[in-house]
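Undergrad: Using the hints, position chains B and C against chain A.
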Amino acid sequence: MNKEYIASLITKNMREDGRDLLEYRKPIKIEYGVSSKSSEGSARAIIGDTEVVAGVKMEVGEPFPDIPDEGVLIVGAELLPLSNPEFESGPPGIQAVELARVVDRGIRESNSIDIKKLCIKPGEKVWMIFLDIYPINDAGNLFDAAALAAFAALKDTKFPFYDKKEDKIDYKKKTKDSLPLLDEPVECTVIKIKNEFIIDPTIEEEGAMDARLTVAITKDNSICALQKGGEVPVTIEEVDKMIDIAFQKTKELRKVLQ
Amino acid sequence: MYKKRFDNRKFDELRPISAKTGIIKRADGSAMFKIGDTIALAAVYGPRELYPKFLQSPEKGILRCNYNMISFSGSGERVRPGPTRRSREISLVMEKALMPVLDLSDYPNAVIDVFVELLQTDSGTRCAGITAAAMALADAGIPMKDLVSSVSVGLVGNTIVVDLNKEEEDYEEGSGSVDIPIAMTPRTNEITLLQLDGKISKDKLFEALQLGKKACYEIYKVQQKALKEDYSLGVKNE
Amino acid sequence: MGDLLVKDKEVVVPGQELAFSMDYLPTGGAFRENDKIISSQLGLVSINGRLIKVIPLKGKYIPKKNDIVIGKIVNMSFSNWFVDIGCPNEAVLSFVNTSEYIDKGADLAQYYSFGDLIAAKINKVTRGTIDLTMKEPGLKKLVSGKIINVTSSKVPRIIGKQGSMITMIKEMLNCRMMVGQNGRVWIQGMPEDELLASKAIKMIEENAHMEGLTDKVKGFIENEKKKLGVKNV
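Sequence order for the protein chains is A, B and C. If you want the numbering used here, it's the position in the first sequence, counting the first as 1, plus 267. If you want the numbering used here, it's the position in the second sequence, counting the first as 1, plus 2. If you want the numbering used here, it's the position in the third sequence, counting the first as 1, plus 116.
Just so you know, the hints here were simulated from the structure itself, not pulled from any lab data. Quick reminder that beta carbons are idealized off the backbone N, C-alpha and C, glycines included. There's no promise every hint is true.
Said to hold, decoys possible - Chain B stretches covered by chain C per the calculated footprint, using a threshold of three residues with CB under 8 Å from any CB of chain C: (1) 41-51; (2) 132-145; (3) 179-190; (4) 229-235.
Claimed, not checked - 27 Å max Cα-Cα, derived DSSO-like pairs, lysine-lysine: (5) B/K147 to C/K174; (6) C/K315 to C/K343; (7) A/K293 to C/K123; (8) C/K123 to B/K147; (9) B/K36 to B/K215; (10) B/K168 to A/K440; (11) B/K12 to A/K304; (12) B/K36 to A/K441.
Just chain A, same shape as in the assembly:
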């Protein structure tokens, strides 16, 4: 029932919390190093009441046989039951898998990490980056917050000390070397409700959505990932509009990453 109510508000350019249709909640914040004593890099992203943490652990392992001189990036997400009364404990469900893969695509397809520089010995030893994402409070729009937290965690990352001879990592010794980052992808999710578009949906607005489009954009304004969700189809014109909105709003998110 609230679905009809939210849709009718939006057709009159209004939202429950008084925001404009294309306005992010405040504050939008990033805190770096929230698990600095244990992770190689970590960050917390806050958009309004939604809070997501992400962290990086690094290992040394074998590269994929078909790309012997490239490091490996593995992005995971777990929808912690503590963040939302609807989430259950257990292995990641499809919602968590989608979240991880969409964030992954934004980072991977923008070539943000210079994975060739992660090669230690071609065909034998490369750095592996495990990037894990955890919502702490789900008040809607996990995609955008997760992408921010994930990339901020990469920025926060420092290589641990690796003894080549012993082939052992000393996690207690951090080096001053950051990850070789070449780009800064930012993701914005645009929601379609009836014939209107909004960004940064609350939980209730997510429940009323017809379709969503998550757009990942690189520093030089290329689109590097797209994901459409929701059961209602969209026209090409609508996709065009939604991407324009994403271009406009990612500028704001990018400022927070600086």
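TA: The following block gives chains B and C in isolation, referenced to the frame of chain A:
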């Protein structure tokens, strides 16, 4: 002989503590407890109808604790996601540590879910989890006979200490170290969690428990302060 | 009068001792153990003569017989709907207790389905079971409109003396409204009026202890309507 602690603390001194409640708005109650570098988050959902129905008890509600360490919380390698035997045991002892202060007879067929996540670990994780969970239960408005305060005590070399950090837990010289996590109810000083890992004489054990009682009271003071301050803030925002 | 260990309106935590005496009686949020009165809640102490209670800030709604509640259908069986009314247990509505005449063996989903919202009355509360009835005028399925959640302890303030507060809001905003004792409020009108009504209700919730609240709410609604009027020109 362990004469000076690795981090220069006194033998009966706790690591720096901070605590905050109401940090997860979607939960019915929540709290963060940090001791040294160990950070525990706890969220309470309930009492709510228990599914699957075959788990329901028509006589009273049940308490269900879930302890988990996130992948980047460990000081060494990445923690593989998913429950382990260790995390399942900790979930169990957490339930047993909190049950004595709860009267769930008013909530037949219902469950109170307590989720504890460790963001960063440096020993004393189950104690931090129990301490955070007790605050979260109070924050949720669940009737409690008392709070529960938890900290570890132990023996390092031959010296009784309070709140072991990881270095002390891993101490191997001489007789090594003994790790004794305890939880107590501050008003009646009853023990609701007691575990021991190591080798210790009965005399030393009881000496340690006396120190533990004092240390738990220090933890209780911090819990009280956090609950009262965050309550007052909550009222102001009403 | 015995030993009081706390002051009126002091914030206390569970397990905190409030009084050391047989002269006091715990009436809520507190219990007696031997000759001590102890808080079972995080909340505010309220001392009224010999009665001590602790008023919690949070807590789930406690169902009482004859309360009108607003619930959501979350499950059904052959002969019952299971309704979430914000309590530890789900409430039960039997097919014989609706305002419709329903044949035994009929498909209950045709009447009320998953996610539907209903206004009902609590018929009976026993341990773990809350029975609902809709056999009373005004109790029905709520279609369209919106629901907001408030703390159940604030409901009397929202209704007002003899319904004065809620009636004022209904008239000023031309909305139909129903207040459930379980802290759920249903509002139906034009969407912008629904939004304004929910803001007004939130205002009452936040200022429940204030004097002159009715006038303040009236002023707020008038102001906002003026602003909206300008916006829509």
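Undergrad: To test your reading of the hints: which numbers does this structure violate?
TA: 7
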